[in-house]
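Work out the full structure, taking the sequences as your base and the hints as a guide.
With mature numbering (1 follows the signal peptide of the UniProt record, and there is no 0) applied, the sequence shown covers -16 to -1, 1 to 131.
Read the hints as simulated data drawn from the structure, not as lab findings.
Keep in mind it's a predicted model, so treat the numbers as computed, not measured.
All the given hints hold, so there is nothing to weed out.
With a straight-line cut-off of 16 Å between C-alpha atoms, the simulated EDC-like cross-links for lysine to aspartate or glutamate are:
id : residue 1 : residue 2
1  : K112      : D74
2  : K39       : D127
3  : K112      : E78
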Amino acid sequence: MFLNAATIFFIQLALRLDSWVGSSVIHLGDKNVPNALMFIDKYTQVGHILRPIVKAIDSIESMCESPKIRGYVDTTFGGSRKLKRTILADFFREAFDGSGADNFFEAGSCIDGRLTSAWNWCSNLHTKPFFPIFKITGFVGFDGKFG
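Given below as structure tokens:
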């Protein structure tokens, strides 16, 4: 009954939007999210993902007090404000798109699918043009000791 209600809700929501990013699958009570404890555990991962990103964003202005770093940021990214927007736009575009799962059905539209996408983004951070900024702020990893 719940799955049917959730599916109906999702369909109604998707019809009201111009577009939908990601899978339309709702996981609850399947192998991806088999019970409520697994669901809660998924939410505990959010802090591990967001803390390093927030620290990097918050550190950009103080980093740019150094003339050499300011020059690098201005030359490479067009300034500190544009750098912040570049990082955030990249994260929000790719961290919730359903990527990183074995297949699109497994990705889902729920927390499980979005966390899979977010962890996928995290695992590819070293390929991003702004990765050196994370390193300058003291980034050691998403599971490491960070701030």
